[in-house]
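Asker: Spelled out from the first residue to the last, the chains are:
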Amino acid sequence: MAEEMSHFQQFKSGIVENNPVLVQLLGMCPTLAITNSLENALVMGAAATFVVVMSNLITSLLRNLIQPHVRILIFTLTIATFVTIADMTLKAHLYQVSKQLGAFVPLIIVNCMIICRAEVVALKSGVGRSLADAFGIGIGFTLALSILGVIREILGSGSLTLPGGMKLLELPPGFDPHAWIIMILPPGAFLTLGVVVGVVNYLRQRKPKEVPA
Amino acid sequence: MSVDLGVMFGLFLSVVLVNNLVFQGFLGICPFLGVSRKLDMAFGMGCAVTFVITMAGVITWCIMHFVLHPVAGWALGDPRALNFLQYVAFIMVIASMVQLVEMYLKKFFPPLYTALGVFLPLITTNCAILGACLYIYMKDETQQLLNALIYAFGGGIGFAIAIVIMAGIREHIRFSRVPRPLQGAGISLLIAGILALAFTGFTGIGK
Amino acid sequence: MKKFLHESWLVVLMGGAFAALLATTQSATIDRIRENERQDLDTAIAEVVPDLGAGRPPEKLRVAEHDVYRCRDARGMLVGWVVDASGVGFIDKIRLVVGLSPDGRTITGVKVIGHLETPGLGNKIETKGDEHFYPLQYAGKSTQRAMELVKRPAGEPHEIQAITGATYSSQYVMDIVNAVIARVVPELPAEKG
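Residue numbers (this note's numbering), protein chains in the order written: chain A, 381 to 593; chain B, 8 to 214; chain C, 15 to 207.
The set of hints was computed from the structure by calculation and includes no laboratory data.
All values derive from a computational prediction rather than experimental measurement.
A hint or two may mislead.
Said to hold, decoys possible - Which residues of chain A face chain C? A few of them, derived with a C-beta cut under 8 Å, are:
no.	residue
1	Ile446
2	Leu453
3	Met468
Idealized CB from N, CA, C, for every residue including glycine.
Construct the entire structure; sequences and hints are all you get.
Answerer: What follows is the structure in structure tokens.
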């Protein structure tokens, strides 16, 4: 079944049909925790994308050598290594953001979506497809995080920040930026995600079944 | 090493109610949403997680303080020098532990294994476990082994409470009419949001 | 044993390769990371001791179990003290620096440099962009009396207004400052001129 998908379709499915957060409902922990600002969402997305790309790449290159019994161990080892690299890089170059992301950077290791891609795709496919899949999933993840980040930051802080601190949006003075403070607090995270998932499901259920091309 | 019961109790209460790993710390969400459909499964998962998190917390604490720091200090002069291996070490420990627990249960407690067996691999990717281990290393209060144990255990209990409450509620709403798009994850998240709000009311306890 | 080797040689090999990779990345980044951490402290010190200017690097002392920095300006005159203090916070510990006048009788500033408080809310104890920027209120306060947190604009000299919606984090910061006043200020080495 997977063989019939072109690389591009594999890539696209990670963003749309199989979006790890909004469809597969994986990686919920970072989604709730760090989407209080767009800056955090983008950086986390980039870090996760880096890890899943490297993980898929290495798994795919070594796929003929990995013994079944130890495969989870190998995936875990690979992922943990690249997460550590990402964490070190962030602490060195985007220090303030890494402080805000806190423990959730190392928690990328247990983000189910990454190990899932290794198991389902990279173990069985060539490098091209594995990379397409990885990028798709990574971008899909980043997109989902960003949607939430935008909503929560605008409503909760009245601003929109890009990595590096540049602000895209600021409320005119006179508006209380924290009127909906709940949005950047934990309950707001749950509520926002619940609504977004609800909307996504609604859209999915409305769409007529696609006829295979 | 002082044994201050007040501090320990405060620590326990804090991680169960005030800084609940699920509602405040955003850890363990995937199983929290996925396994909370039925009360008995939720309870089982809660127990399994509490067990694993307590052991993992203690073992990883020991690895940092009895292995990594001394070795780094002896070999490289700086106890923090090998800290970059922390994440790899932690996750390998957790993964191996879960495997061992699984094998142990399968051999010695087959009925328990059949009941819980399917959860155990899931527990490895439960961010609450790794998260708690990382926090134990980072927090001042848990630099003593006993406190680390309490924090880990409390974290597990907090998770168990969260997931059981959620399961109880979800069993109730099985007979309500939830709009289709919200069924499953959507409504669970909204409920979780309200629960999180409720738990915010616990802030300040223990201080 | 043979089966074990057959199944796990790859794991061991990769383990070794990754350890080397990590060690390399570590040496590539560790300097910048330490620098970042130090910069946070340096920037904070400069912010809470406004007269420091392009003064000499602060001299680190140990007073009443705290790290205290003696700050001199370019001419060597004592312009202030900075106390590195931490205490319990809402989520985790809060670390801040308290700037003190040379005689230790006035607070010249407070800056939070490390915390895990609720993002966007509790971390207003750190971020700017708010007229009632919480730590600014400490500047100019006397150290002769412990401070008190109130939820309305401060009336008395020893009152500080809490951040709306982050009363606990505000209180924790205040507790740390009050502890500095009580324990460290009396122990500051006297400076003659």
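Asker: If a hint holds in the structure, say so; if it doesn't, say that too.
Answerer: Taking the hints in turn, this is what the structure says about them:
| no. | hint | result |
| --- | --- | --- |
| 1 | Ile446 | holds, 6 Å |
| 2 | Leu453 | holds, 6 Å |
| 3 | Met468 | holds, 4 Å |
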